[in-house]
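S.K.: The whole structure should be built from the sequences, with the hints applied where relevant.
Chains as they are written, first to last, in my numbering: chain R, 48 to 148; chain G, 48 to 148.
You can take every hint at face value.
To be clear about the criterion: a stretch of chain R counts as covered by chain G if any three or more of its residues have a C-beta under 8 Å from a C-beta of chain G, and this derived list gives those stretches:
| no. | segment |
| --- | --- |
| 1 | 58-66 |
| 2 | 86-98 |
| 3 | 102-110 |
| 4 | 139-147 |
Chain R side only, calculated, beta carbon under 8 Å to chain G, not exhaustive:
| no. | residue |
| --- | --- |
| 5 | Met48 |
| 6 | Phe49 |
| 7 | Gly136 |
Calculated directly from the structure, the hints in this document are not laboratory data. Just so you know, even glycine gets a beta-carbon here, dropped at the ideal spot from N, CA and C.
There are 2 protein chains.
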Amino acid sequence: MFAQTPKPPYTAVIFTSTLSDDIEGYGEAAHEMERLAQLQDGYLGIESARDELGITVSYWRDERCAQKWKLQLEHAAVQRIGAKRWYGGYRVRIATVERDY
Amino acid sequence: MFAQTPKPPYTAVIFTSTLSDDIEGYGEAAHEMERLAQLQDGYLGIESARDELGITVSYWRDERCAQKWKLQLEHAAVQRIGAKRWYGGYRVRIATVERDY
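M.R.: Here it is, written out as structure tokens:
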């Protein structure tokens with residue numbers, strides 16, 4: 048359940064979102080995206096929780112791997128007509144983890 | 048609901064946790080900690096979600112402010128006898144946000 052990340056530094060992509068009222072197909076797609084992430088170069092782990100707000104933090108070897116994943120997500124979202132209708136709003140933050148406990 | 052963070056860089060503290068079966072007093076304490084964070088120097092915002100896993104990301108002006116907050120949290124946890132019994136497990140990651148969208 049916790050991502051088993053290595054010694055820092057590594058990269059975190061913090062994705063926070065609210066859902067819209069129209070989430071048909073969202074659950075399957077979210078699941079598929081997590082599966083795809085695991086196949087991606089530099090993948091270290093993912094942690095995810097949702098109540099009113101959804102937070103998904105994915106961890107990557109470096110920023111280059113994180114950026115590649117972000118582009119692939121956007122590509123998948125474009126292919127999947129209307130993926131954006133699932134979200135009420137979202138933020139993406141790319142960060143370097145420098146310390147962990 | 049989304050933290051209104053400024054232009055990067057700034058600091059993110061990613062706290063992920065599972066709860067134990069004994070969470071008496073947890074809800075009030077979590078609420079109080081969020082209230083205290085807002086009074087702290089360098090506070091930028093907080094985002095939080097929980098289902099099986101809980102993820103709280105707090106945002107700070109710089110790492111010094113984040114570290115001060117972490118010390119204050121630990122201090123409060125020690126004062127509050129047995130605060131640790133609430134958690135099944137947890138991870139704390141301190142990261143520098145370099146980009147956001």
